[in-house]
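These protein sequence lines map, in sequence, to chains A and B. Quick note on numbering: our numbering labels position 27 of the first sequence as 37, and the sequence is numbered without any gaps. Quick note on numbering: our numbering labels position 659 of the second sequence as 669, and the sequence is numbered without any gaps.
The hints are all genuine.
Note: identical chains are not told apart, hence a pair may lie in one copy or across any two.
Subject to a maximum C-alpha distance of 16 Å in a straight line, what follows is the list of computed EDC-like cross-link-like pairs (lysine to aspartate or glutamate):
hint: 1; residue 1: K643; residue 2: E618
hint: 2; residue 1: K425; residue 2: D184
hint: 3; residue 1: K483; residue 2: D675
Simulated from the structure, these hints should not be mistaken for laboratory data. These figures come from a predicted structure and were not determined experimentally.
There are 2 protein chains.
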Amino acid sequence: MLDALFKPKAVALIGASTKELSIGNVIIRNLQTYGYKGAIYPVNAKAAEVCGLKSYPSISAIPGEVDLAHIIIPSKFVPQAIEECGQKGVKAVIINSAGFSEMGEEGARLQKEFLANARKYGIRLFGPNCQGIINSDPELNAYCNFTFTFPKPGSISVVALSGGVGALIMQVLDDLDIGQRLYASNGNACDVSIPEIIEYYGEDEGTKAIILYTEGDKPREFLEITRKVTAKKPVLAMKAGRTEEGAKAASSHTGSLAGVDIATELIFEKIGVLPFHDEGEMVRAAMAFSSQPIPTGNRVGIITNTGGPAVIATDVLVDFGIEVPKLGEPSIARLRETQYPEAALENPIDVVATAGGPQFRAALDVLLDDEQIDCIYINFVTAPFTDTDEVAREIVAISRQRRKPLVCNFMTNLKLERYQKTMAILKAGEVPYYANPGDAARALGALVQYGRIQQRDIGSPQTFSGADPTTAKTIIEQARQAGREVLSAFEVYRIFEAYGIPVAPWRVVETTEQAVAAATEISYPVVVKVDCAEIDHKSDRGGVAINLKDAAAVRATVEEMQTRLGEYGKLGFLVQKFLPGGRELIIGASAERELGLLMFGLGGIYVEVLKDVVFKVAPVTRLEAEEMLAGIKTAALLDGVRGEAGIDKQAVIELIQRISQLLGDLPMIAEMDLNPIMAFADKAFAVDGRIRIQLEN
Amino acid sequence: MLDALFKPKAVALIGASTKELSIGNVIIRNLQTYGYKGAIYPVNAKAAEVCGLKSYPSISAIPGEVDLAHIIIPSKFVPQAIEECGQKGVKAVIINSAGFSEMGEEGARLQKEFLANARKYGIRLFGPNCQGIINSDPELNAYCNFTFTFPKPGSISVVALSGGVGALIMQVLDDLDIGQRLYASNGNACDVSIPEIIEYYGEDEGTKAIILYTEGDKPREFLEITRKVTAKKPVLAMKAGRTEEGAKAASSHTGSLAGVDIATELIFEKIGVLPFHDEGEMVRAAMAFSSQPIPTGNRVGIITNTGGPAVIATDVLVDFGIEVPKLGEPSIARLRETQYPEAALENPIDVVATAGGPQFRAALDVLLDDEQIDCIYINFVTAPFTDTDEVAREIVAISRQRRKPLVCNFMTNLKLERYQKTMAILKAGEVPYYANPGDAARALGALVQYGRIQQRDIGSPQTFSGADPTTAKTIIEQARQAGREVLSAFEVYRIFEAYGIPVAPWRVVETTEQAVAAATEISYPVVVKVDCAEIDHKSDRGGVAINLKDAAAVRATVEEMQTRLGEYGKLGFLVQKFLPGGRELIIGASAERELGLLMFGLGGIYVEVLKDVVFKVAPVTRLEAEEMLAGIKTAALLDGVRGEAGIDKQAVIELIQRISQLLGDLPMIAEMDLNPIMAFADKAFAVDGRIRIQLEN
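If we strip away everything but chain A, and leave its shape as in the complex, we get (with noise of 0.2 Å):
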């Protein structure tokens, strides 16, 4: 647990300065500014005192008991202050010293040292080279950081690796007027990590949504943890470096589609994290997280008394998927009652400009009583000719009853007195409220997308019994002994096999004669190719034949590729069943980082031109099988189109349950390819695959 982190009783500051802009003694004021109730520490043994605190010459010096230290001191001096920590007994440390791992060699071992001096005390490390936590708790006011943004208590917990952006985040928040739970920004990381952070955060009652700034590390950490935080509550992320060039040299398919880090988003679908790409939008997003409750379903009722503004919320919510159903007539007889004449009574309901409390209010339970209706956006345009207040005032009570969230457009000019007051009265009724209608309704939107992902079950992998593990792994280590990278065509079908994936009829041979013997056997047309690891697109080399009919057509191939293939002729050849008529797909799998990809498309021009591939992280359900089977937008051809037959599905969503299940066992595989697999309206078959493993662990 990380409360000695968070919830400090005492905190001492080594480095304390009396140097008014230097961080040792920003974070003291930001201390008394803030209003810490604990014990504040300085420790600098120049100085009698620092900000009017006495200070003492060591932290052994210091009489009480001490949880929380932060260390601003030269680098080299680290590992012996923590030393001295664990001799006090502190039991966390925030290194806002710079001068570590990120400044090479020598960097690197001072972290080391401290590191170890750490663990010899169970001492928890948050940074270096950070800013450190807040927690806005009223009970304890810890600001143990150097920004300059003192947020008021609220229910947003914030954690973020960089601190610009932290400090972006919470500053924004601040500016919108949203309260804060807790925040932390931990820089290097070295001991105390982002998804231990998100868990903390999950864990405290206090903390109603949590917004996350990450540049993906430690993925497989972060998975696991992240997915039991968003079963609970919302985290709205945003992930840094979406375009930047990824180091990864792509050389199979997998990895020049995969182009750039796309794990991260992925395991954002895959756990339910709510992917952001404007930071602005996701803070928006969080202020009406903060107060409003989740909508169960996907219709909005929308109450306008302004005409355009509701058009640009329509397009806006369709875009999220959002429905605006029709009243139904019950619904619209009550409206009738209680609006004015030339009000629109359908959905948006526009109430007319000069609506008041009644009016608006009255639309309110209508929508809240409708079961139709899940959730409610509202364009409320301060018309000069009525009471605003009283209108601000029937929302406020609409929004406390929590029965359906809401979100509120308000279009004022806040220079004037009269509408700072009915502002006053969204804002202390806890009301989300947005200057324009895009981001109200791209709030709304945001809720409705945490509703969805609430209901989203994807359930657990399936292990396929029958699987043989032990013979996969064997040929995998007999090829790495043998220093070879990729393996040949008889291990990748053997491996497949293994796993109960089914590949067309087969056999490796090396004479013409084997050839002719093995095409009967496995009865004609036959496809003939060249086994050779070396060469990975065979097709362009002119290594494989298809639709070869008789005896003949065999022997002429094998023997025109001997001779011209040359050395890679010698390697031996693959002799298989020649499927006519199925539709390509193709499956990919690779090692990213700590994780298992699994990509899934139609093969040829789809893949190669179109890049209509869908991917997931393994392990991979059988519901995320299913949308990887629909989430290429060649999904109709699927089904078949034009009088084709479709294919079958159940076969493909299967196959890519195998190979999820393969490739969870055998994580020495680096690559995968499945290309192409043919299928059928009754069947499905690997007719080629590829893997590629890696030699060192």
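Keeping the supplied structure of chain A fixed, place chain B upon it in accordance with the hints.
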């Protein structure tokens, strides 16, 4: 010209009111509050004065000249009021009153009546059912409107049909403290139109950029007028109702793919209007346009004093197609001399948190001088240990040079007075500054986008000599007289040939023997199709047989079809050269309100499943035709993939232009499909076509 409307010397208010919250009172107070320099004449027979001004019993009783009058009286009195305005010599009238064409027959009759009166006297009418206009010119201060935002003078002009959205835009601009020039919201727009207002703004010297919210009315007028304005100044626009189900029943390919009104956004693209889907983003972009020069290229230099936000900005800038080039050695050398040792000197330039004015200034100077850089993005977080005012002053100094456009993401806590002061420096210096990196980057993105528009010249549509509109018109006229909406194959091919559109050789025949003779003449293989307008999808009905290799096959096919298709089979057949192995393309055209739309795509599943098509508004120039070919997702297929030959793109580009010319000459064509066109490495032929005409003009 609309000077009487936008620069009135005297304003009369017919329907002036002593009731405080009424429109006839609010407008007078708005004129007074805003400091209108002209005369204000309330017209109200029952009051001696209104808002402290002498009131007149009628407009004729006003002693001085009146060029603009508001009318705010019940609709039935409006025609008479216009008559009186005419007699008085009023030049423009804003009809705020509602109750006309939007209210059924009687309202429409009144509107017709007052329009006739207005025309009699040459009065220009604004509205009815509208807000009015604002002119912020300090020499005039005309606030002829009942809204509640008082914009400061500036260079952004706004026009919006919807008063609600117009007021919203004005408010959001004002919240950002952006000056405005002219404002107009013209409601029902019975006379003065949106395009006319855009034209007026285009000629107004004080207007640097135009914001438009449109519902897409008068597309032809809009296109012709606005294209001239966008060449001079940026027009930033939003279209209402992007997702609305259009009324149009979609029967042809073109129609069903177009769906909702896509014409307006296509016009935006054609004439260089900057399209927005978010009103906040549009207004923030306008802020940058109001003070910055237009970039001449798309290469950005980024200066940042914090890490993470530069990553976010880079992501967004890259989304806009902006490049972030590495700086060359000369620039890096200059930076090395001026920046702190821990600074990052490539691009983004991280001047680090401790950077003050000199560091920012030096980095800015380097980017100004570097010919590889076209525009500048700045992240400026107000680090507590620096003189932020000095940084702001340096940014202002560079911005004032107007050498390269810049935007600033200014991250600060405005609750602190010292940072309010820093912000005031940026504001007074007209630096476009934003509260987060995404917003700033998108504003710069809009500048770069407009720079591209200014440099793009789509050229003029080509007129192919030899086109024979007379023949085509005669064919259509005959079909019209026969009451046939859908032309026969014979008619369609004749029209194509009249415009030099290549068609695979064809004959129309009625009997088996004629079919065999035609096939022999054309040479085998041939296609036989039933020639029947009623069978739209001939192939679905078994009315098409391809690749018939000899007379026996032709004879058998025709006889079989005659038997099976009954009545349809008696209508005749088309015998056509069969051209195997080409790539199927589709070109469609349709008349959308006043415009012609052209569509291009690959045929078959590409159009049916992938909906991979590009639309353009006719007439299409050579460059636009090229853009259509390059614009489909599967464009690579046109160049050939996997060893296939590409198609003759020049032939298809010419074909599109010929169809565009045809469409311009023959506006009675409602829909036209060339589906498929077979394209080969050296030619392209239409092999089937369909034309539906309008029976009435």
